[in-house]
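Add chain Z to chain E, keeping to what the hints say.
If you read the protein sequences in the order shown, they are chains E and Z. All you need for my numbering is the position in the first sequence, starting with 1, plus 2. All you need for my numbering is the position in the second sequence, starting with 1, plus 2.
In short, the hints are calculated from the structure, not lab data. For every residue, glycine included, the Cβ atom is placed at its ideal position computed from N, Cα and C. Check before you lean on any hint, since a few could be wrong.
Stated by the list, open to error - No farther apart than 20 Å at their CA atoms in a straight line, the calculated lysine to aspartate or glutamate pairs in the DMTMM-like style are these: (1) 162/E / 324/E; (2) 243/E / 7/Z; (3) 185/Z / 230/Z; (4) 29/E / 230/Z; (5) 29/Z / 132/E; (6) 130/E / 7/Z.
Stated by the list, open to error - Quick look at which bits of chain Z chain E covers, simulated, 3 or more residues with Cβ under 8 Å: (7) 202-215; (8) 230-243; (9) 250-257.
What follows is each chain in one-letter form.
Number of protein chains: 2
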Amino acid sequence: MNNFEYYNPTKVIFGKDTYDQIPSKIKESTAGKRVMITYGGGSIKKNGVYDAVMSALKDYEVVEFSGIEANPEYDTLMKAVEQIKENPVDFVLAIGGGSVIDGTKFIVSAAKYDGNPWDVLTQKKGCKFEYALPFGTVLTLPATGSEMNSGAVISNSRLKEKRTMGGPQGFPKFSFLDPTVVKTLPKKQIANGIVDAYMHTLEQYMTYPSNNLLQERIAEGILATLIEIGPKVLEDPADYKAASNLMWCATMALNGTLRAGVAYDWTTHMIGHELTALHGIDHARTLAIIAPNLYKVKFENKKEKLIQYGQRIFGLEGSCGEEAIHRTKTFFESLGIKTNLSDYTDDYKSTPKIIRERFEERGWEAMGERNDLTPIEAEKIVEMSF
Amino acid sequence: MNNFEYYNPTKVIFGKDTYDQIPSKIKESTAGKRVMITYGGGSIKKNGVYDAVMSALKDYEVVEFSGIEANPEYDTLMKAVEQIKENPVDFVLAIGGGSVIDGTKFIVSAAKYDGNPWDVLTQKKGCKFEYALPFGTVLTLPATGSEMNSGAVISNSRLKEKRTMGGPQGFPKFSFLDPTVVKTLPKKQIANGIVDAYMHTLEQYMTYPSNNLLQERIAEGILATLIEIGPKVLEDPADYKAASNLMWCATMALNGTLRAGVAYDWTTHMIGHELTALHGIDHARTLAIIAPNLYKVKFENKKEKLIQYGQRIFGLEGSCGEEAIHRTKTFFESLGIKTNLSDYTDDYKSTPKIIRERFEERGWEAMGERNDLTPIEAEKIVEMSF
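Next comes chain E alone, as it looks inside the complex:
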């Protein structure tokens, strides 16, 4: 087992009818009464979450920042940062899915940072977020796991870039996870969420045998659960058992548990982020496009784990690595997620080369769990994804 450090101080409040506890959880961080709520395009006003949260916050002075878009934009978020710098708040409460929560992590960190926040995102030497305003989340979309980790992905569409940030200041103080929100979601978003959780798990599993037998079994537990409940929650999003299992799997898939002591890859995400930046394809769908082809290109690296996965998850026998890749693709397709790049855009012919060049420009010579996936191989993976 590899050495590891595990730390996750976010408090999760999971279940129905819990929002009345929001004030007591805020009080654990601050006695202050001025709260900024952040949200996206306004779906929370239609599904009742906004009203429920505002009712819980009736003793607070609430300021609002709305309009955080999918793939949250640096320029948008900087407006919230300026608003807070001009008129400070004591706490920020993100109400939304991964984009709103990621955006809020940037807002609370940048609001406490004196330099140019873009320098942190580009990892300019010596530039680091160290402090943040305390913040919590009310999750409305199970998918990214952002509600229980410290990472965030921020887009800059002017530069066609997606950048990641992290650090201990990025952990929410608390997150409310109420699975009844699932029934208010478009099926497309539910399907994306299932694939996102599945792929977060595979990125931390489909490497080489880790010697951390338990972590492999936990990863397999998430995969098996998603396969079991995925079709059910799509068929009936009001099925509480299915919805609550989806929500908890999505959180557990990226809260630090799975990576303890194992080798992880994340190249599917790195390529996927470029596809979103170039073509605006939903994050989860980029992962479904790339992963099967990446596993084919790096088959020898991942063969042993692909076989374990095929046997334990799909009940296959023998040397079933290729069939396991096929089953993965089939599972995504069964959720209504198309897995070829050409299904999403006609304008993709130059994409493989652009992605190779971007990786080369950044000096990413070797990716993947064995540090041997080259930009040329990334180009090939994208070529295969048409």
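Leaving out everything else, chain Z in the frame of chain E:
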């Protein structure tokens, strides 16, 4: 899925050659330089852990408190509390297994408590530990999970009592888990640790189907891993893969993960604590004695889960509940753990009645996940365990 709250802020540093990070982790809690180390009978001086930790603490003023016994004694621990009250320290570092860590949780809490700490342990109305000195742990024995939770069990042999305590102040700030200590342990302690972790898992699993499909699979992952590596680590405690999996399973079995959203029982522990208090039997062994009989007495309650367990863990088929109980007993016996009370003491004839009376005196009319296990049934379970 049941509503739940999950919170665990303990930082785990897992692996080999990590103790040089102890000072940097202490600094995250205090700039103070006066540290009390707590330990047991001195095995840490033989296995090298004492020297390694003292070397890491070379820039600190270290005071020592040793002699914390298995089933840590209230009277012993109060000496450490008095020592701290007379001459305060900035941080306490527990070096040991569950007993030393549990005892240290009491010490750091009682040192910050103005009333009579015994009142807290007896749950006298209005008496509660709210604050504690910051403390960390260096784990030397994988078993109880105390290194990553906030609970503790404290004994008072004058009163033949074991009492539990908990609360957020009880979380260690950090815990160092180095699996190389396993090779220094007596095999009896290793076997106890395996059973302890296994039974912590079963207490949070062997109830009724929870609708939390993932948590059930995580529990099954711990059980399967312990069955796989238990015999290996007993045969060769220097097998790092086996030892590290045992250590991590023991932590994961009682760090709050398994109980998220599920029904739990803990009656085996409640009866087991009495057996330890009355006859001095090792904690883990009391669990191995009681659990199979408890599952027989409450068979109808647990039948559905016993079948799932038998099928998924032992590969049995059909209605395999009774066989699953038998296999559990056989697994414990295969580790050298005897499972009959009469294997441990001749003086047990009055035990069932005493335990029933103790439960009745405390007003524990109904225990177990369905609140229907009566003191009379507890008496019967103990009778069956001869």
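Against the 20 Å threshold, does the CA-CA distance of residue 130/E and residue 7/Z hold or violate the hint? Violated - the C-alpha atoms of residue 7/Z and residue 130/E are around 32 Å apart, more than 20 Å.
20 Å limit on alpha-carbon distance, applied to hinted pair residue 243/E and residue 7/Z: With a Cα-Cα distance of about 17 Å, the restraint between residue 243/E and residue 7/Z holds, given a limit of 20 Å.
Holds or violated: are the alpha carbons of residue 185/Z and residue 230/Z at most 20 Å from each other? holds, 18 Å
Is the coverage entry for the segment 230-243 of chain Z by chain E consistent with the three-residue Cβ rule at 8 Å? holds (count 4)
Does the structure keep residue 162/E and residue 324/E at a Cα separation of 20 Å or less? The hint is violated at about 35 Å.
When I compare C-beta atoms, does the segment 250-257 of chain Z have three or more residues closer than 8 Å to chain E? This one holds; 3 residues, not fewer than the three required, reach chain E with a Cβ under 8 Å.
Restraint check for residue 29/E with residue 230/Z, where alpha carbons must lie at most 20 Å apart: Violated, at about 46 Å.
Going straight from one Cα to the other, do residue 29/Z and residue 132/E come out at no more than 20 Å? holds, 16 Å
Verify the coverage statement for the segment 202-215 of chain Z against chain E, using a C-beta to C-beta distance below 8 Å and requiring 3 or more qualifying residues. holds (count 3)
Checked against the numbered hints above, the structure violates hints 1, 4 and 6; every other hint is satisfied.
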